[in-house]
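Peer 1: Sequence:
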Amino acid sequence: MSADDGTRLEQRLVDLESRLAFQEHALGELSDALAAARDEEARNNLQLMRVTEELRQLRLSLSGNPAADPGLEPPPPHY
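Numbering (our numbering), first residue to last: 1314 to 1392.
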């Protein structure tokens, strides 16, 4: 192996190490982004469950009190 071959081989090794470092960094960023997205999804699911429960409670209260049903109210005076 000549000195030129050794230099090229060393340069290839340096390039591969640089690529590996970049990929490890990118993988870490993607992992962090995925974790953040999963946290946000969990918060959104919790909020959706709370809103759904509030809506269910509102519907139950309206069905128990027909006078509170907006569809049964007379139209406004401008009609």
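Hints were generated in silico from the structure; no laboratory data involved.
No residue lacks a Cβ here, since even glycine has one placed at the ideal position from N, Cα and C.
Wrong hints could be hidden among the right ones.
Taking CB as the label site, the calculated pair distances span [as the list claims (entries may be wrong)]:
(1) Met1362 x Ala1334: 50 to 60 Å
(2) Leu1347 x Pro1390: 50 to 60 Å
(3) Gly1377 x Ala1348: 35 to 45 Å
(4) Met1314 x Glu1354: 28 to 38 Å
(5) Glu1342 x Arg1321: 43 to 53 Å
(6) Ala1349 x Ser1315: 21 to 31 Å
(7) Arg1369 x Ala1349: 28 to 38 Å
(8) Gly1319 x Asn1358: 50 to 60 Å
(9) Leu1333 x Arg1372: 38 to 48 Å
Peer 1: A separate judgement is required for each hint: does it hold in the structure or not?
Peer 2: To see whether the hints hold, each was checked on the structure:
1. Met1362 x Ala1334: 50 to 60 Å: 43 Å, violated
2. Leu1347 x Pro1390: 50 to 60 Å: 57 Å, holds
3. Gly1377 x Ala1348: 35 to 45 Å: 44 Å, holds
4. Met1314 x Glu1354: 28 to 38 Å: Between Met1314 and Glu1354, where Cβ atoms are some 55 Å apart, the hint is violated.
5. Glu1342 x Arg1321: 43 to 53 Å: 32 Å, violated
6. Ala1349 x Ser1315: 21 to 31 Å: 51 Å, violated
7. Arg1369 x Ala1349: 28 to 38 Å: Distance hint for Arg1369, Ala1349 holds at roughly 30 Å.
8. Gly1319 x Asn1358: 50 to 60 Å: About 58 Å separates the Cβ atoms of Gly1319 and Asn1358, which means 50 to 60 Å holds.
9. Leu1333 x Arg1372: 38 to 48 Å: 57 Å, violated
In this structure, the earlier hints numbered 1, 4, 5, 6 and 9 are contradicted, and the remaining ones agree with it.
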